[in-house]
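K.L.:
If you want the building blocks of each chain, they are given just below.
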Amino acid sequence: MLGLLGWLGVALIAGMLAITVHDALLRPAFRRLASRNLARRWPEGSLVVLGSSLGTAIIAASFLVGATFQSSLRDDARTKLGPIDEEVVAVGRVTPPASWHALVTPPIPGTDGLAAAVTAPAAFSAKGRAGEVTRAVPDTVVAETDFGEGRALGHDPAATGLAHAGHDPVGREVVINQVLASKLRARVGSSIALHAYGQTRALVVRTIVPQVGLAGAFDAFVANGTIASMAAKSDIAAATPPSLVFLVSNKGGVFDSAGHTEAVVAEINRRLAGQANVEVLTVKQDLLRDATESGHQIGQLFTGVGVFSVLAGVLLLVNLFVMLAEERRRELGMARAVGLKRRDLMRVFALEGAVYAVLSAFVGALGGIAVGWLIVQATRRIFSRGGDEFSLHFSAPAVDLAIAGGIGLGIALLTVWITSGRTARMNVVRAIRDLPDPKVEGHRFHSSLFASIGVVVGGIITVAGLLVPIAIAVLVGPPLVLFSAIPLIRPVLGRRTTVSLLSASALLWCSGVFTFLPGATKGAGVPVFIVMGVIMVGAAVTLASSIDHAWVSLAERVSRTGHGLAARLGLAYPLARLFRTAMLLAMYSLIVFTLTFIAVYSQILGAQAHTFTDEVRAGTDLRVDSNPANPVTPAALRAQPGVAAVAPLVQSAPDFTASFAHTPKQWGLSGLDARLLASGTPTLSSRSAAFASDEAAFRSLLTDPSSIVVDAQFLSKGTGSQPGNDQVQVGDRTTAINPATGQTRVYTVIGIMSHDIAQVGSFASAESVKSLMGNLAVTSRFYVQVDPGTSPAVVAAQLNAHLIDHGVDAQTFRALVDKSIATELGFLQLMQGYLALGLIIGIAGLGVVMVRAVRERRRQLGILRAIGFSADTVRRAFLAEAAFIAAQGIVIGVALGLVTSYQMLTKSATLGGQPLPFDAPWLLLAALASVPFFASLAAVLIPASQAAAINPAAVLRRAD
Amino acid sequence: MAFASGERSPAAVGDQAGSVAPSHPLLTGSEPAPPGPEVAPTLPILSARGVRKTYRTGAGTVEALRGVDLDVNPGELVMVMGPSGNGKTTMLNCLSGLDDIDAGTVTIDGEDLHALTDAQRTAQRARRMGFIFQSFNLIPVFTAAENVELPLLCTGVRPREARERAHDMLERVGLGSRGKHRPLELSGGQQQRVAIARALVNEPAIVWADEPTGNLDTHTASDVLHLMREFHAAGQTLVVVTHDHQIGTSSERLVQMIDGLVNYDGHPDGAPPDPTFDS
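Protein sequences, first through last, are from chains A and B.
So the first sequence is residues 1 to 960, counted in my numbering.
So the second sequence is residues 1 to 279, counted in my numbering.
No wet-lab data here; the hints were simulated from the structure.
Take these hints with a grain of salt, some might be off.
[What the hints assert, rightly or not] DEER-style ranges, computed between Cβ atoms:
{"id": "1", "chain 1": "A", "residue 1": "GLU327", "chain 2": "B", "residue 2": "GLY50", "range": "48 to 56 Å"}
{"id": "2", "chain 1": "B", "residue 1": "ARG160", "chain 2": "A", "residue 2": "PRO527", "range": "37 to 45 Å"}
{"id": "3", "chain 1": "B", "residue 1": "HIS219", "chain 2": "A", "residue 2": "ARG342", "range": "28 to 36 Å"}
{"id": "4", "chain 1": "B", "residue 1": "GLU185", "chain 2": "A", "residue 2": "PRO491", "range": "34 to 42 Å"}
{"id": "5", "chain 1": "B", "residue 1": "GLU185", "chain 2": "A", "residue 2": "ALA18", "range": "41 to 49 Å"}
{"id": "6", "chain 1": "B", "residue 1": "ASP102", "chain 2": "A", "residue 2": "LEU374", "range": "51 to 59 Å"}
{"id": "7", "chain 1": "B", "residue 1": "GLU230", "chain 2": "A", "residue 2": "ARG342", "range": "28 to 36 Å"}
{"id": "8", "chain 1": "A", "residue 1": "PRO469", "chain 2": "B", "residue 2": "SER177", "range": "54 to 62 Å"}
{"id": "9", "chain 1": "B", "residue 1": "ALA119", "chain 2": "A", "residue 2": "LEU374", "range": "41 to 49 Å"}
{"id": "10", "chain 1": "B", "residue 1": "GLU185", "chain 2": "A", "residue 2": "ARG496", "range": "30 to 38 Å"}
{"id": "11", "chain 1": "A", "residue 1": "ARG342", "chain 2": "B", "residue 2": "GLU185", "range": "21 to 29 Å"}
{"id": "12", "chain 1": "A", "residue 1": "ARG496", "chain 2": "B", "residue 2": "ALA119", "range": "51 to 59 Å"}
Glycine included, every Cβ here is placed at the ideal spot set by N, Cα and C.
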């Protein structure tokens, strides 16, 4: 739920709003002052609302994307399970033993129905008019069940998908779901072929049912006895046998019935105590839990990336309110002079700001719907590119919108109150006379105390980071020491020298730490590099602000050319308003930094297809999967044209536990034999020191049945890109459990694969896997080497066409890698697009700030026009100002993005394998630098033209 | 008796004829100056005829200038006085080309100012005019020297030369050591001196000053006025809008404005007393 911080935030927002509402209702003078300013300055107010609503829109969009994923994944509960909450599976049986009667009678408490089905993996194909196979679906589940029993499950026939399925299929009839019908392009009356257990049955589609409930759990329903008879006639020794499945429906609807699962499973286990080869699957509960976790992770991912855009929005908001306060300084000074207390002034200003904050939260939340919808559309396209069948349905829950709006409101209100407090501290006389407040040095004792604490804490973090080692501590500690030391060193060296020196030192530390201390920073993940980038951006912006004299000198040089009047004027303002300039710079730098980082990462990832392919293919060319109920034999495969060698893999999926993952988790386990090692091995990112080579490690699997090689994400939750305590290490022990028999085997991890794009899961010896998994282990996967000079893609296509009976799905390793990379690149593109929103905030923010600058400088612009500055010079001065800020921000962002990605890619193994050669997408980076630059100029065109069009007489008349 | 726009009171003409430098053609009567090398005929720097200006406000239209005629000759110090809201600043703005006019003509050295494009008029201001305002109106992000050199840079003077001339001018106004200070680091009097330096650095044909002492205390105002008189004594033409009766009557020529018309134009001694005038 919200957590302590969340509740504190809610309390803070509520407190601020309560004061605002109180003032609006019970303090007419405050209300009048605030409302008059709102009405008088509505165009400026609109800009403030627009600017600050962008940040809220990004927060809302992140939430909605997470909610969409969650609801779409949860929808699988409806489409793939319906009323089914638990499955009691008996592998190798087609009729229940008498002892299973106890399962049915008396009814299990908490359940409202139970149906039996016989299932088997199968392949389907359809033929065209000329008799050739035109469509094949290799991986389906075919079932036999009593439709009446099935429809009664859960007391909602529509939820079972069988409401209009009619009577049970008889003879050659088959009832198929819409998805299978679509893939086979079959209609009612079409002839299709069922392939299982070495046989083919010609069937006729009698009914097509929606993919819901039972009709989603199983793709096709055939006449009772069909599966048993095909299995009985099978001459294949090692095939996945049919299973008897009892489908249990808990009380409640499709989505709210999983609460009974614990009790129901306990009761089932009690009633089936002592029964062998029975597995109870909590399918609904698992699906809903996974959906929630995945949705949460994806939402977090977008929120995490969106932090940079939100940060840009916050910086914009601070800038806008600081400008608003400065613009009103004289007026606020007058209000103080006529008797308004400091506290009152703060509340008047806060009241006005609260209206902006509430409006921006509302507008932002609505805007978030549009942004979220766009992201979901883009994500849908990425999924379809990767060949995934997962469908996204945009979802915008009111709760998520309210939370996002609340966060936006909280940020805006906090900014408003802090700015109001700062404004209220004005010196009345100086404010009225529009004189700047003198620089106030804080209490030296306090600042020294805090600085000393910062130095000590930073030092402790650094030392702890070096000793453990913890990469993020090593990275963050020294900059904390350096920045904390500023108040301590400033009296000695002076402000400029101190700030320049220490921020440059922080920059140097971050850019060199991975080179200087490779041991201490080993294992740094992507988040560490993001933190590194943020620190570097902060340090670079501080450095750029502290060397303002260098820019002044540059401005003077420019003006000495005789053509730099506009440039000089353009540079004068940002250099005179360092705080505002720093806010704008940080906005640009942060976003451009992240975009550069992702662009370089994408470039290098995209260029790794060949390397990744070599690392997973083990010297072979194709990965061939076949229907486990009707697997192709190695000999049959070897006999196909173009096939040079075949390495069979025994496929199984036991449950695993480990010291870092106590809850059993199903994971792939492939059994290999010497034939795979004849051509090579997958590449390992790490292996036991006992082995001199990857091949030696794999060969030891053949002789040691307790050794296992796993992928880097073994048993990890979610995406698992961050290394941590829950990640597998060489030497870890893991226990594999046969879910049907409960038999276990303890394995020791002797190696970790660089990549698992071939989706192996883990490797052990074939004998070891067979002895553990029994008839749940089937030789249905093969690594195939093609004849020299033959195209692997052509051979794959031929295998798919020729071996359709076996449900063969042959793919080249390169195609698998390309597909995987395409999906990841698609996500990275999505992230870039999402971050581009932050850039839009930055650019729009610059435009808004410049619009306000025109108003703020009207008198000065009037005098410049009066003394002879042409309208064109004024216009160009504004453009020069925007160019100066945008160019600086972009240069800082790109440079730091390059440094960070260079560190990550060449000095660490963050991408899983060995450090990679650095290769930046220069063309893309050029576009990344130039598009926002020119967009910034375009955003400033309007305010620049407004400035140029100022009538000097009108302005000076008003001013004097 | 009210005088029509551009009409001079006979007394004023007579007074001026007796007191203003003989080079002033209008003040020496209608007869042209006798030809000869010693007394060359002098044309006015600025000549305004029938200048009208109307403002449209939410409440209706306001005729700020209703047909102003005025000539300013080289080396003159013209004081413009009148009650608030009677068109003094508007006249300054219209005659200097800061603002557009609705009717009439304004010529600077024979060139019709309002027939020029905005860019040309801006260039004219840069080359031939200087401005001093009540609120000093210095650019806060520039130093004193940078403020002073701005008009020079506008007219294409090379930056190095502009900086030298700016420093020279600051020396002349007594702020040689304050060139690197920003306006907000200077007192009001010092800021106005910088504004005077900026107005004069380009050696303009005419300097317009709108209430130049309005924001200053008496002592500082006196210093600033003294400075302006020094420049006038050196031949600088100035048109000064002021509320201050003492300042307004301290020159050889006073222009009084009422209701958007020139009510009196002549020597201050001949000006009709008007109780509505601010003092």
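K.L.:
Now tell me, hint by hint, if it's right for this structure.
P.N.:
Checked hints:
1. A:GLU327 to B:GLY50: 48 to 56 Å: violated (41 Å)
2. B:ARG160 to A:PRO527: 37 to 45 Å: violated (54 Å)
3. B:HIS219 to A:ARG342: 28 to 36 Å: holds (35 Å)
4. B:GLU185 to A:PRO491: 34 to 42 Å: About 23 Å separates the Cβ atoms of B:GLU185 and A:PRO491, which means 34 to 42 Å is violated.
5. B:GLU185 to A:ALA18: 41 to 49 Å: Given range 41 to 49 Å: holds, Cβ gap about 44 Å.
6. B:ASP102 to A:LEU374: 51 to 59 Å: The hint (51 to 59 Å, Cβ to Cβ) holds, given that B:ASP102 and A:LEU374 are roughly 53 Å apart.
7. B:GLU230 to A:ARG342: 28 to 36 Å: Taking Cβ atoms as reference, B:GLU230 and A:ARG342 lie about 47 Å apart, which means the hint is violated.
8. A:PRO469 to B:SER177: 54 to 62 Å: holds (59 Å)
9. B:ALA119 to A:LEU374: 41 to 49 Å: Holds - the Cβ-Cβ distance for B:ALA119 and A:LEU374, about 45 Å, lies within 41 to 49 Å.
10. B:GLU185 to A:ARG496: 30 to 38 Å: About 18 Å separates the Cβ atoms of B:GLU185 and A:ARG496, which means 30 to 38 Å is violated.
11. A:ARG342 to B:GLU185: 21 to 29 Å: At 27 Å between Cβs, range holds.
12. A:ARG496 to B:ALA119: 51 to 59 Å: Given about 41 Å between the Cβ atoms, the range is violated.
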